[in-house]
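Hey, can you work out the whole structure from these sequences and the hints?
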Amino acid sequence: MVNGILTGEGDTKRAMFQVSYLFVFVLGLGLNGFWLEILCGNIMAKAITFLWGLSVTNCLKLQFDSKLKEAKSI
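All residue numbers in the sequence shown are consecutive under the working numbering, ending with 77.
In case anyone wonders, no lab produced these hints; they're calculated from the structure. Quantities reported herein were computed from a predicted structural model and do not represent experimental measurements. Here a beta-carbon is modelled for each residue, glycine too, at the ideal position from N, C-alpha and C. It is possible that some hints are incorrect.
To be verified - Here are the computed distance ranges between Cβ atoms for each label pair:
(1) Ile77 - Gly56: 28 to 38 Å
(2) Gly33 - Leu65: 43 to 53 Å
(3) Lys70 - Met47: 49 to 59 Å
(4) Phe37 - Leu57: 24 to 34 Å
(5) Gly33 - Asp68: 51 to 61 Å
(6) Leu25 - Gln66: 36 to 46 Å
(7) Val22 - Leu57: 17 to 27 Å
(8) Leu34 - Glu73: 30 to 40 Å
(9) Ile41 - Ser76: 50 to 60 Å
(10) Val29 - Phe53: 27 to 37 Å
(11) Tyr24 - Ser69: 44 to 54 Å
(12) Lys70 - Leu34: 50 to 60 Å
(13) Val22 - Trp55: 13 to 23 Å
(14) Trp55 - Ser76: 29 to 39 Å
Structural data, given as structure tokens:
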């Protein structure tokens with residue numbers, strides 16, 4: 004799930020360039036800013052994917068529990 008989060012997305016390059024520009028030139032971090040941007044981007048992407056996965060599994064669990072209660076009441 005985590006490995007394919009941005010697979011095939013073409014417009015990620017533009018967003019990455021903007022954040023890289025901020026870290027490298029505006030904040031004056033140079034090449035370290037570029038690597039920091041990659042690190043921060045990966046951490047945020049993994050966190051968002053993890054939270055999305057939790058949300059989906061909780062929703063599926065609720066649906067399963069409701070179907071199980073219906074089946075037991077029959």
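A quick look at each hint next to the structure:
A hinted range of 28 to 38 Å for the beta carbons of Ile77 and Gly56 is consistent with their spacing of about 32 Å. Against the hinted window of 43 to 53 Å, the Cβ-Cβ separation of Gly33 and Leu65 comes to about 49 Å, which satisfies the hint. A C-beta distance of roughly 35 Å is found between Lys70 and Met47, which places it outside the suggested range of 49 to 59 Å. The hint said 24 to 34 Å for the Cβ distance between Phe37 and Leu57, and at roughly 31 Å that hint holds.
The supplied range of 51 to 61 Å is met by Gly33 and Asp68, whose beta-carbon atoms lie about 53 Å from each other. The hinted window of 36 to 46 Å between Leu25 and Gln66 holds, with their beta carbons roughly 42 Å apart. Roughly 26 Å separates the CB atoms of Val22 and Leu57, a value that falls within the hinted 17 to 27 Å. For Leu34 and Glu73, the Cβ-Cβ distance of about 59 Å falls outside the hinted range of 30 to 40 Å, so the restraint is violated.
The supplied range of 50 to 60 Å is met by Ile41 and Ser76, whose beta-carbon atoms lie about 53 Å from each other. Here the CB-CB span from Val29 to Phe53 is close to 30 Å, well matched to the stated 27 to 37 Å. Our hint of 44 to 54 Å for Tyr24 and Ser69 holds, since their Cβ atoms are close to 49 Å apart. For the pair Lys70 and Leu34, the supplied restraint of 50 to 60 Å holds, since their beta-carbon distance comes to about 54 Å.
At roughly 21 Å, the beta-carbon separation of Val22 and Trp55 lies within the given 13 to 23 Å, and the hint holds. At roughly 32 Å, the beta-carbon separation of Trp55 and Ser76 lies within the given 29 to 39 Å, and the hint holds.
Of the hints listed earlier, those the structure fails to meet are numbers 3, 8, in rising order.
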